[in-house]
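Just need the whole structure built from these sequences, with the hints factored in.
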Amino acid sequence: MVEAGPEAGPEKATEPVERFRPTSGRVTGVLALVAAAGIVVLGFVDGFPAPVVAGAVVVGVLAWASMLKPRVLVVGRRLVLRNMLETVSIPLAAVEELAVRQVLAVRVGEKRYVSTAVGRSWRNTLKSSKRPTAGEEDAPTPRKEPAYADVVEDRIRQLADDDRAQRGIARYSPEAEALGAEVRRTPAWLEIGLLAAAVLAFVVTLLV
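Taking full-length UniProt numbering, I'd label the letters of the sequence shown as residues 1 to 208.
If you are wondering where the hints come from, they were derived from the structure by calculation, not from laboratory data. Worth double-checking, as some hints may not be accurate.
To be verified - Derived CB-CB ranges, DEER-like: (1) 146 with 85: 47 to 53 angstroms; (2) 109 with 76: 17 to 23 angstroms; (3) 193 with 173: 21 to 27 angstroms; (4) 24 with 197: 26 to 32 angstroms; (5) 203 with 97: 38 to 44 angstroms; (6) 24 with 107: 50 to 56 angstroms; (7) 26 with 193: 23 to 29 angstroms; (8) 121 with 157: 19 to 25 angstroms; (9) 46 with 121: 36 to 42 angstroms; (10) 162 with 48: 53 to 59 angstroms.
Glycine included, C-beta positions come from ideal geometry on N, C-alpha and C.
Set out below in structure tokens:
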């Protein structure tokens, strides 16, 4: 469910890493990327109209950035949310609240950070928020394996609690609030540049 190992990026490569697998969008993203690549290849081979080829490039970049790139990791003592156009790095001890609904939402002070990499379907979200009736509360329920979203939520919460314990601070304390100032947001310049170039090329092909 989680994997440990070295991770390159904004944190040190020697720090321990836990990777949480994405819960949705992988198949759709791969299919969209393959379809976009196929259109580009056919465009060069069979001479597809330039706007079609440029549009396929835009779709391919969007599929990669929005469906395949997003990740949730814990690198050392920081929670890392790799999103479509930025990476957010949060000190674990600064995490005050977190919940997995359709997306993973993390609250640090007055700010809220989200990741689409881990989430629940609409149906599971409604089930998790539905309160049992009086009869359902009394009836025995079969033991079920926890949903992966629950595993991720519990694991990150545990790591945040452990980090606060190691630092000797409490949740909602001034010390934890001060750590919120250490949240780092790094723009994904590669994806931003590719997307801007692809959209510009698409517009140019429409105008030429």
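Could you tell me which of the numbered hints above are not met by this structure, giving the numbers in increasing order? 1, 3 and 6
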